[in-house]
Every structure is written in C-alpha cells, then in structure tokens.
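S.K.: Below, each chain spelled out in residue letters.
Number of protein chains: 2
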Amino acid sequence: MTYELFYWPTIQGRGEFVRLAFEATATQYVDVAREPGPHGGVRAMQHLMQARATRRPPFAPPFLRDGDLLIGQTANILFYLGPRLGLVPTDEADRLWAHQLTLTTMDFLDEVHDTHHPIASSLYYEDQRPEAHRRAAAFRAERVPKFLEWFERVLAHNPAGPAHLVGDALSYPDLSLFQIVAGLRFALPRAAARLERDAPYCVAVHDAVAKLPSVAAYLASPRRIAFNNQGIFRHYRELDDPA
Amino acid sequence: MTYELFYWPTIQGRGEFVRLAFEATATQYVDVAREPGPHGGVRAMQHLMQARATRRPPFAPPFLRDGDLLIGQTANILFYLGPRLGLVPTDEADRLWAHQLTLTTMDFLDEVHDTHHPIASSLYYEDQRPEAHRRAAAFRAERVPKFLEWFERVLAHNPAGPAHLVGDALSYPDLSLFQIVAGLRFALPRAAARLERDAPYCVAVHDAVAKLPSVAAYLASPRRIAFNNQGIFRHYRELDDPA
Numbered sequence: 001m002t003y004e005l006f007y008w009p010t011i012q013g014r015g016e017f018v019r020l021a022f023e024a025t026a027t028q029y030v031d032v033a034r035e036p037g038p039h040g041g042v043r044a045m046q047h048l049m050q051a052r053a054t055r056r057p058p059f060a061p062p063f064l065r066d067g068d069l070l071i072g073q074t075a076n077i078l079f080y081l082g083p084r085l086g087l088v089p090t091d092e093a094d095r096l097w098a099h100q101l102t103l104t105t106m107d108f109l110d111e112v113h114d115t116h117h118p119i120a121s122s123l124y125y126e127d128q129r130p131e132a133h134r135r136a137a138a139f140r141a142e143r144v145p146k147f148l149e150w151f152e153r154v155l156a157h158n159p160a161g162p163a164h165l166v167g168d169a170l171s172y173p174d175l176s177l178f179q180i181v182a183g184l185r186f187a188l189p190r191a192a193a194r195l196e197r198d199a200p201y202c203v204a205v206h207d208a209v210a211k212l213p214s215v216a217a218y219l220a221s222p223r224r225i226a227f228n229n230q231g232i233f234r235h236y237r238e239l240d241d242p243a
Numbered sequence: 001m002t003y004e005l006f007y008w009p010t011i012q013g014r015g016e017f018v019r020l021a022f023e024a025t026a027t028q029y030v031d032v033a034r035e036p037g038p039h040g041g042v043r044a045m046q047h048l049m050q051a052r053a054t055r056r057p058p059f060a061p062p063f064l065r066d067g068d069l070l071i072g073q074t075a076n077i078l079f080y081l082g083p084r085l086g087l088v089p090t091d092e093a094d095r096l097w098a099h100q101l102t103l104t105t106m107d108f109l110d111e112v113h114d115t116h117h118p119i120a121s122s123l124y125y126e127d128q129r130p131e132a133h134r135r136a137a138a139f140r141a142e143r144v145p146k147f148l149e150w151f152e153r154v155l156a157h158n159p160a161g162p163a164h165l166v167g168d169a170l171s172y173p174d175l176s177l178f179q180i181v182a183g184l185r186f187a188l189p190r191a192a193a194r195l196e197r198d199a200p201y202c203v204a205v206h207d208a209v210a211k212l213p214s215v216a217a218y219l220a221s222p223r224r225i226a227f228n229n230q231g232i233f234r235h236y237r238e239l240d241d242p243a
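Residue numbers (our numbering), protein chains in the order written: chain L, 1 to 243; chain G, 1 to 243.
Hints listed in this document are in silico derivations from the structure and should not be mistaken for laboratory results. Hints should not be assumed to be uniformly reliable.
[Unchecked claim] When the alpha-carbon atoms are kept at most 25 angstroms apart in a straight line, the in silico SDA-like pairs for lysine to any residue are as follows:
#1 G:K211 <-> G:A163
#2 G:K211 <-> G:Y29
#3 G:K146 <-> L:R43
#4 L:K146 <-> G:I11
#5 L:K146 <-> G:D110
#6 L:K146 <-> G:T10
#7 L:K146 <-> L:S122
#8 L:K146 <-> G:R43
#9 G:K146 <-> L:E111
#10 L:K146 <-> G:L109
#11 L:K146 <-> G:E111
#12 G:K146 <-> L:R65
#13 L:K146 <-> G:D168
#14 L:K146 <-> G:Q50
#15 G:K146 <-> L:D110
#16 G:K146 <-> L:A60
#17 G:K146 <-> L:Q46
#18 G:K146 <-> G:A193
#19 G:K146 <-> L:G13
#20 L:K146 <-> G:Q230
#21 L:K146 <-> G:V42
#22 L:K146 <-> G:Y125
#23 L:K211 <-> L:P222
#24 G:K146 <-> L:R194
#25 G:K146 <-> L:H113
#26 L:K146 <-> G:T54
#27 L:K211 <-> L:Q28
#28 G:K146 <-> L:P222
Could you put together the complete structure from these sequences and hints?
M.R.: Below you can see the structure in the form of structure tokens.
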C-alpha cells in the first residue's frame with residue numbers, strides 16, 4: 001500500500017517535514033491534494049476530514065493514510081513513519097528522544113507562524129502588521145537564539161558526535177532541523193546569517209542533509225514547492241533584522 | 001522506581017496534565033520541584049536541565065524521570081505513561097489516536113497562553129494588553145469553537161459511545177479534556193458558559209472525570225495547585241466576553 005499524504009498543495013508548511021522523510025528515503029508516496037482528478041485536490045482532503053465515515057478525523061492537515069490508518073499531527077506522523085522508513089533507531093529511549101526533538105521543532109514552527117500572524121490566522125498579515133513587528137523582534141532576539149542554542153547543545157552532547165541529533169546516523173529530526181534552517185534563511189535572511197554564526201553544528205546538519213543524493217534530487221525537482229508567502233516561513237523585510 | 005515529575009511548583013500549567021494522569025490512577029510520583037531540601041525545588045529541576053551530564057536535555061519543563069530515562073514534552077510524557085498507567089488501549093491505532101488527541105490539546109493550550117502573551121513570554125501581560133485584547137477576541141470567536149466542535153465531533157463519532165474520547169474506558173485524553181474545560185471556566189467564565197452550550201459531550205466528560213474518586217480526592221487536596229494568574233489559563237476580565 002502506498003503512503004498517502006494529505007496537505008495543502010501550494011505550500012511547504014508542516015507537510016514538508018513528512019515530504020522530506022519520504023524523499024530522503026526514496027519512499028513511494030502520493031501527495032494527494034496535489035494530484036489531479038476526482039480523487040485528488042484539496043476537495044479530496046477536505047472530504048476525508050469532514051466525512052461522517054471518518055472515524056478518527058484529524059483536526060487539521062497534514063495527515064497520513066496508510067491502509068486503514070488515518071494519522072494526524074505532523075510529529076505523530078513522523079513518529080509512525082520513523083521506524084518504517086528506517087529514520088530512527090529501534091530502541092525506545094532513542095525513539096522517544098527523536099519524538100521529543102520533533103515536538104520541540106513543531107513548537108518552534110508555531111512561533112515562526114505567529115511572527116506574521118500574532119493576532120489571528122483568519123486575518124491577513126496586513127491586518128496585524130504592528131503586532132507582527134513587535135512579536136518578530138522578540139522572536140529574533142530571544143526565541144530563535146534559545147531554540148538554536150538548544151539544538152546546538154544537543155548536537156554537541158551527542159555521544160556519537162555532532163553530525164546527527166540522534167545516534168550516529170540520519171534520523172528524521174535531522175531532516176526537520178534542515179527544514180528549520182532553510183526556512184529561517186528564507187524568512188529572516190539577515191537574522192539567520194547573524195544567528196547561524198553561533199550554531200555551526202546546526203548549519204553542518206543542514207548542509208549534510210541538503211547534500212544527500214535523494215534530498216538534493218528532491219530539492220531540484222518540481223515536487224519541491226518553493227518557499228512562498230502563503231506558508232509558515234514567510235519573508236517580510238520589515239520583520240527581519242534592520243539592514 | 002518512583003516516577004519523578006519536574007515542573008514549575010506554583011502553577012498547574014502543562015505539568016497538570018501529567019499530575020492528573022498520576023492522580024487519576026493513584027500512581028506514586030514525586031513532584032520534584034515542590035519538594036523541600038537539597039534534592040527538591042526549582043534549582044534541582046534547573047540543574048538537571050542544564051547539567052553537562054544530562055544526555056538528553058529537555059527544552060523546557062515538564063519532564064519526567066523514570067530510572068535512567070529523561071522524557072520531555074507533555075504529550076511525549078503522556079504517550080510514555082499511558083500504557084504503563086493503564087490509561088490507553090493496547091493497540092497501536094488507539095495509541096496513535098490518543099496521542100493525536102493530546103497533541104491537538106497541546107496546540108490549543110499554546111493558543112490559550114498566547115491570548116495573554118501574544119507578543120512575548122518575556123514581557124508582562126501589562127506590556128501587551130492591546131494585542132492580548134485583540135487576540136483573545138479572535139480566540140473566543142473562532143478558535144475555542146473550532147476546538148470544542150472537534151472534540152464534540154470526536155465524542156459523537158466514537159463507536160463505543162460519547163462517554164470517552166478513545167474506546168469505552170477512561171484514557172489520558174479524557175483527563176486532558178477535563179483540564180481544558182476546567183481551565184476555560186477559570187480563564188474565560190462568560191465565554192465558557194456560552195460555548196459549553198454547544199459542547200454537551202465535552203462537559204459530560206469533564207463532569208465524569210471530576211467525579212472519579214481519585215480525581216475528586218486530588219482536587220480537594222493541597223496537591224492540587226489552584227488556578228492562578230501565573231499559569232497558562234489566566235483570568236483577566238477584559239479578555240473574556242463582555243458582560
């Protein structure tokens with residue numbers, strides 16, 4: 001059975017963390033809402049979310065269908081896929097640790113979103129610009145350093161060395177860290193350049209992931225949706241460090 | 001080995017979701033930061049977070065110690081404890097579903113926090129009041145209904161009946177839903193009274209959990225920290241529905 005990912009078809013967003021897991025391992029999957037025809041598109045995704053017959057309805061995309069199983073929440077999807085795709089060690093302690101790293105990554109992502117939407121997701125950015133300006137300043141000054149310092153520390157303290165977040169091999173938290181670094185570079189290029197100077201291990205993980213043949217091929221393919229200002233990472237110059 | 005919970009000693013916050021799991025099952029645990037002496041208090045908690053010897057440092061409290069294992073992130077702790085405390089069915093599909101429910105509960109909790117801290121956690125509420133007023137209005141009008149409708153739908157569609165979120169017995173997501181309803185009643189009593197009219201199943205779960213002998217005894221004990229305005233659920237009249 002082919003894995004089916006359901007996510008918004010025009011943004012990277014949270015779905016990108018799942019796409020990266022599939023792509024890095026050359027796993028076959030269908031990105032359902034990007035498929036044409038009656039079984040594709042956003043309507044197919046929304047139908048599945050809202051249908052009475054859906055026993056375990058997800059609160060929001062992304063969600064994964066694997067046979068009879070429907071699994072929502074990005075971190076939950078990765079927890080499920082990790083061992084199946086060979087993207088996490090087999091012992092419980094490492095699996096919980098990989099999940100913990102991912103949950104913290106998702107918390108960070110929520111904060112990224114709220115830099116441009118600090119008041120309401122239902123409003124346009126343009127309707128909450130003063131608040132966004134204030135929140136983004138605090139985000140750049142306090143939150144990005146706190147998260148990057150933590151990831152840097154995790155890498156520095158990994159008994160197997162700083163090349164990976166978990167153990168001595170690629171795991172899905174490495175892919176997620178790649179996405180965080182790539183997203184920050186798009187959204188806040190000046191702040192990212194400044195803050196990366198104190199996060200060399202994080203940058204090295206980003207670079208190593210980008211160079212994996214499977215990931216490099218994905219990034220160069222039309223399957224990779226470009227960063228854009230409908231996603232979670234958005235570039236508004238006024239939210240970045242001053243020039 | 002006794003479970004050790006590490007969390008801020010003067011608030012319910014995210015730690016309360018773990019405390020409820022222990023208390024509902026009459027499981028022995030130590031709430032370390034509330035203990036006196038050199039091995040207790042906030043210092044013991046912060047020492048463990050920051051010590052070089054801590055191989056898997058949590059990003060933030062709460063975290064759990066069970067023997068050699070240190071587990072951070074509320075939802076991850078509950079995922080670990082669920083089967084050990086008999087608070088989740090044994091099959092993988094139900095365990096993932098219980099976790100998904102909890103992850104969505106934690107997302108909701110983040111949004112509760114940001115109603116009074118929409119700009120920065122490092123600032124006082126008083127320094128972000130206009131923004132909080134705006135965010136709380138959107139939260140009451142759009143977000144609370146969306147989350148409660150989803151929980152209501154999950155309960156209505158449970159093949160085993162609407163008394164529980166997962167299967168036909170108490171599980172940790174029921175305890176978390178109790179906490180959400182209790183918290184909303186404290187923080188936004190007028191909005192909660194209005195919105196609960198459309199969420200009778202959620203209210204029934206809250207009431208049933210509150211009446212469990214173990215939970216009732218806990219709620220009446222000094223172990224239960226009262227809601228207060230240092231926690232995640234805070235009561236500011238101006239953030240509630242107009243009188």
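S.K.: Looking back at the hints listed earlier, which ones does the structure fail to meet?
M.R.: 7, 13, 24 and 28
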